[in-house]
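Full structure from sequences and hints, please.
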Amino acid sequence: MNPHNVGVIENPDGYGKVGNPVCGDLMEIFIRVRDDVIEDIRFRTFGCGSAIATSSMVTDLAKGKTLDEALKITRDDVATELDGLPPRKMHCSNLAADALHAAIRDYREKQKTGEGAAQHP
Amino acid sequence: MEGRIYLDHAAAMPVHPGVARFARRFPESFAGNPSTIYREGLFAQEALAEAREKVAALIGAGDPASIIFTSGATESNNIAIRGAALRNKKTGKMVVTSTIEHISVLNPAKDLQKSGFTFTLVPVDRFGVIDLDALGAAVTPETVVTSVHYANNEIGTVQPIREVAEIVHDRGGFLHVDATDAAGRIPINVGRDGIDLLTLSGNQLGGPDGVGALYIRPGVRVQPVLVGGGQERGLRPGTENVFGIACMGEAARLAGEEMPEESPRLVAIRDRLIAGITGIEEAFLTGHPAERLPHHASFRFSRIEGESIQLAMNALGIAVATGSACTSRTLEASHVLLAIGLAHDEAHGSMVATLGRRNSLDEVPRVVNAARETVKRLRAITPL
Numbered sequence: 113m114n115p116h117n118v119g120v121i122e123n124p125d126g127y128g129k130v131g132n133p134v135c136g137d138l139m140e141i142f143i144r145v146r147d148d149v150i151e152d153i154r155f156r157t158f159g160c161g162s163a164i165a166t167s168s169m170v171t172d173l174a175k176g177k178t179l180d181e182a183l184k185i186t187r188d189d190v191a192t193e194l195d196g197l198p199p200r201k202m203h204c205s206n207l208a209a210d211a212l213h214a215a216i217r218d219y220r221e222k223q224k225t226g227e228g229a230a231q232h233p
Numbered sequence: 604m605e606g607r608i609y610l611d612h613a614a615a616m617p618v619h620p621g622v623a624r625f626a627r628r629f630p631e632s633f634a635g636n637p638s639t640i641y642r643e644g645l646f647a648q649e650a651l652a653e654a655r656e657k658v659a660a661l662i663g664a665g666d667p668a669s670i671i672f673t674s675g676a677t678e679s680n681n682i683a684i685r686g687a688a689l690r691n692k693k694t695g696k697m698v699v700t701s702t703i704e705h706i707s708v709l710n711p712a713k714d715l716q717k718s719g720f721t722f723t724l725v726p727v728d729r730f731g732v733i734d735l736d737a738l739g740a741a742v743t744p745e746t747v748v749t750s751v752h753y754a755n756n757e758i759g760t761v762q763p764i765r766e767v768a769e770i771v772h773d774r775g776g777f778l779h780v781d782a783t784d785a786a787g788r789i790p791i792n793v794g795r796d797g798i799d800l801l802t803l804s805g806n807q808l809g810g811p812d813g814v815g816a817l818y819i820r821p822g823v824r825v826q827p828v829l830v831g832g833g834q835e836r837g838l839r840p841g842t843e844n845v846f847g848i849a850c851m852g853e854a855a856r857l858a859g860e861e862m863p864e865e866s867p868r869l870v871a872i873r874d875r876l877i878a879g880i881t882g883i884e885e886a887f888l889t890g891h892p893a894e895r896l897p898h899h900a901s902f903r904f905s906r907i908e909g910e911s912i913q914l915a916m917n918a919l920g921i922a923v924a925t926g927s928a929c930t931s932r933t934l935e936a937s938h939v940l941l942a943i944g945l946a947h948d949e950a951h952g953s954m955v956a957t958l959g960r961r962n963s964l965d966e967v968p969r970v971v972n973a974a975r976e977t978v979k980r981l982r983a984i985t986p987l
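Chains as they are written, first to last, in the numbering used here: chain A, 113 to 233; chain B, 604 to 987.
Hints in this document: simulated from the structure, not taken from any laboratory. The structure presented is a predicted model; accordingly, all values stated were derived computationally and were not measured. Beta carbons: idealized from backbone N, C-alpha and C, even for Gly. Check the hints yourself; a few may be wrong.
[Unchecked claim] Far from chain A, by Cβ distances over 12 Å, these chain B residues were calculated:
(1) TYR641
(2) GLY909
(3) ALA918
(4) ALA936
(5) ALA983
[As the list claims (entries may be wrong)] One-sided excerpt, in silico: chain A residues whose CB lies under 8 Å from chain B:
(6) MET113
(7) VAL118
(8) VAL130
(9) PRO133
(10) VAL134
(11) GLY136
(12) LEU138
(13) GLU140
(14) ARG144
(15) THR157
(16) PHE158
(17) GLY159
(18) CYS160
(19) GLY161
(20) PRO199
Laid out in structure tokens, this is it:
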């Protein structure tokens, strides 16, 4: 178990958080965007091995991509890149693509409203 | 498994080397069916009789005929609960268990509802000790079977079985005790403890998998769950697993013989492990601090998840268990950890270490360091 892109980006351009600790999986993703490209991406996850693996994989997949390309990354893409997940983990622990999309949406909202970076807790 | 530290004996035990030696002495040409009367059949009958005596001796059962052999603890629990409840349903149609029983006790009890039984769960306190007042209120003269385990496999807590037996017998019902995790580790005496039916697992005594036993106090009537030939007093039909049963018998003998030395040795390792791991920030013991099995140390860590703990410990060479929902087939949090009052997110962060005869005090620092490293790594990436 050696996850990539672990940690926090201070004052991120976009921030997404999905899941909840009662279910056992909670993920947050931080992105730094330059010229519509994901220049840096970090995650923090509370959850099982599959949850950590999908978080790590989605950050690897998204890094260097344009926002539109990154929005096309699906849960299935993440699972496929990991050579599959146990069937019962496909739903609960495969939230990383959702967290990425939430971070991108957050970035775009902020661009629209002209606000600064999203605050994370 | 060079360099590994195995701490999940509650899940599976290695076969005791004395049992392996015993198995090697078993004749290679052995082919006797105990239902036959030629010499080979008689050899098989003797092997069964010897195993029955050895198992009876471990639990202080005077009459070896009170032991029947099964395929394991799950089957023993099913025969005890379904068999005794259905056979005695004229007395009443109620069964009672604690909230923290093994699933192979809870499910047969639940299933009896289809046969018109009511099923009552008795709560435990935050250490996992059964609430005797609630038990007294739940057990009535209509309660045919009450099932309370000797000790819990997830939190190690040992139950006040004699007090439980008094309450159950005062109302006239039978007490079934699942002793899978306790037998061979703490002294059990079915007479002294007031036990009517007792479940044993062959593997948990240091024998092979796929064999178990059920003690049935003489006079307690049980009906079969499986029907077929008349083997094992008709309660476990099918040709006996002679080799497995013989090995379980030897395991029971060795466990009884070694318990006076082995249990204190395990307690010393356990207590050092508990002291070390509860020294980690936001790490807590689960289960009872004193009334616990000699080989059992169980914990929870805040803000991290058990399956990740298990994987990280595995990468550091150590096999541990967890009650995390993420490792269960149903993805539900452990019913035991919820029953002792933990919140769902707290129950996710559990780690269980169960010791065996190969473990030693020398291993404790490596385990504690690995746990410390694991907790540090996982806390560094947790959003909580």
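Task: Interface-negative label, TYR641 (chain B) against chain A, beta-carbon threshold 12 Å - done: holds, 51 Å
Task: Status of the GLY161 (chain A) interface restraint (C-beta, 8 Å, chain B) - done: Result: holds, 5 Å to nearest chain B Cβ.
TODO: Answer holds if the nearest beta-carbon of chain B is closer than 8 Å to that of PRO133 (chain A); otherwise answer violated.
DONE: PRO133 (chain A) check passes; min Cβ-Cβ to chain B is 4 Å, inside 8 Å.
TODO: Double-check THR157 (chain A) for me: the hint is only fine if its C-beta lies closer than 8 Å to a C-beta in chain B.
DONE: Status holds, d = 6 Å.
Open item on the list: So, as I understand it, the hint says MET113 (chain A) touches chain B; can you test that by seeing if any CB pair is closer than 8 Å?
Closed with: At about 5 Å, which falls below the 8 Å cut-off, the nearest Cβ of chain B leaves the hint on MET113 (chain A) intact, so it holds.
Open item on the list: Is the interface hint satisfied for PRO199 (chain A)? The criterion is a beta-carbon contact with chain B at less than 8 Å.
Closed with: Violated, about 11 Å.
Open item on the list: Over 12 Å from every CB of chain A: does ALA936 (chain B) meet that, or does the non-interface label fail?
Closed with: violated, 8 Å
Task: Evaluation of the interface hint that places ARG144 (chain A) against chain B, nearest CB under 8 Å - done: Cβ of ARG144 (chain A) sits 18 Å from chain B, so the hint is violated.
Open item on the list: Quick check for students: does the CB of GLY909 (chain B) sit more than 12 Å from each CB in chain A?
Closed with: The assertion about GLY909 (chain B) is violated, with a minimum of 8 Å to chain A.
Task: Status of the VAL118 (chain A) interface restraint (C-beta, 8 Å, chain B) - done: For VAL118 (chain A), the interface hint holds, since the closest Cβ of chain B sits about 5 Å away, which is under 8 Å.
Open item on the list: A closest beta-carbon separation below 8 Å is what the hint needs, so does PHE158 (chain A) meet it against chain B?
Closed with: Since the shortest Cβ distance to chain B is 5 Å, the answer is holds.
Open item on the list: Under 8 Å is the threshold here; is the Cβ of CYS160 (chain A) close enough to any Cβ of chain B for the hint to stand?
Closed with: holds, 4 Å
Violated hints, in rising order: 2, 3, 4, 5, 8, 14, 20; the structure is consistent with all others.
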